[in-house]
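Student: Chain B: place on chain A using the hints.
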Amino acid sequence: RKEVEQDPGPFNVPEGATVAFNCTYSNSASQSFFWYRQDCRKEPKLLMSVYSSGNEDGRFTAQLNRASQYISLLIRDSKLSDSATYLCVVNPNSGNTPLVFGKGTRLSVIA
Amino acid sequence: SAVISQKPSRDICQRGTSLTIQCQVDSQVTMMFWYRQQPGQSLTLIATANQGSEATYESGFVIDKFPISRPNLTFSTLTVSNMSPEDSSIYLCSVPGPITDTQYFGPGTRLTVL
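Heads up: the sequence lines are chains A and B, in that order. Okay, so the first sequence: first residue is 70 according to the working numbering, each after it adds one. Okay, so the second sequence: first residue is -14 according to the working numbering, each after it adds one.
Since the hints were made in silico from the structure, they are not lab data.
Below, in silico cross-link-like pairs of lysine to any residue (SDA-like), each with a Cα-Cα straight-line distance of 25 angstroms or less:
1. A:LYS111 x B:GLU71
2. B:LYS50 x B:ARG0
3. A:LYS114 x B:LEU58
4. A:LYS114 x B:ALA(-13)
5. A:LYS172 x B:VAL47
6. A:LYS148 x A:GLU84
7. B:LYS50 x B:CYS(-2)
8. A:LYS172 x A:ARG106
9. A:LYS111 x B:SER3
10. A:LYS111 x B:THR85
11. A:LYS114 x A:SER95
12. B:LYS(-8) x B:ILE75
13. A:LYS172 x B:SER73
14. A:LYS114 x A:THR166
15. A:LYS114 x B:GLN23
16. A:LYS111 x B:GLN26
17. A:LYS111 x B:THR29
18. A:LYS111 x B:GLN(-9)
19. A:LYS111 x B:ASP(-4)
20. A:LYS114 x B:ASP(-4)
21. B:LYS50 x B:LEU4
22. A:LYS148 x A:LYS172
23. A:LYS172 x B:THR33
24. A:LYS148 x A:ARG110
25. A:LYS114 x B:THR33
26. B:LYS(-8) x B:PRO24
27. A:LYS114 x B:LEU96
28. A:LYS148 x A:THR87
29. A:LYS172 x B:PRO24
30. A:LYS111 x B:PHE46
31. A:LYS111 x B:PRO92
With the rest of the complex left out, here is chain A:
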């Protein structure tokens, strides 16, 4: 079983749509969770952290379900500029330790 699993997509949605991505992780002791965004031919960039209480940043909402080992990202009112690959990322330990990445979910927002 892969450590972090995501639906690779692609998700093709029209502008203004709401889209949700899911991710599962295998290590129940994992400490921290994140969504990163990676544009084509660019490095991954932190989008947001994910907390058990949920985390909202503008049009983006991230949720964590520790019991189910499940992470989600919801994007409302999609923009063309949201087109990218969204990486589910887990830190299995606390502190500055290596991150474990999912393969990413590709999103294309279409005019």
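Tutor: Chain B in isolation, oriented as in the chain A frame:
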């Protein structure tokens, strides 16, 4: 946030040769990480570069193939030795971010081995 640069940004190399990738950070950091992202794949950690000691390699990666240097707290190099087409990949360095447990990534080095 830290500013990270990598050199070269891309290269095309012949099999059997070696390439050294540089990673420079604009502030001192205790740890630097080297990742590989093969086409269509996720990021995979190669090793953790520690200043003043040998790098710590992940399963499947060995020092002879990927020697790493970390001469100071702002700089590291990764060498891809005796390259084969399977080494064609993007190589990224990262450093701890200001938010707990996050990392910032350099722009990456796109390597193609013919």
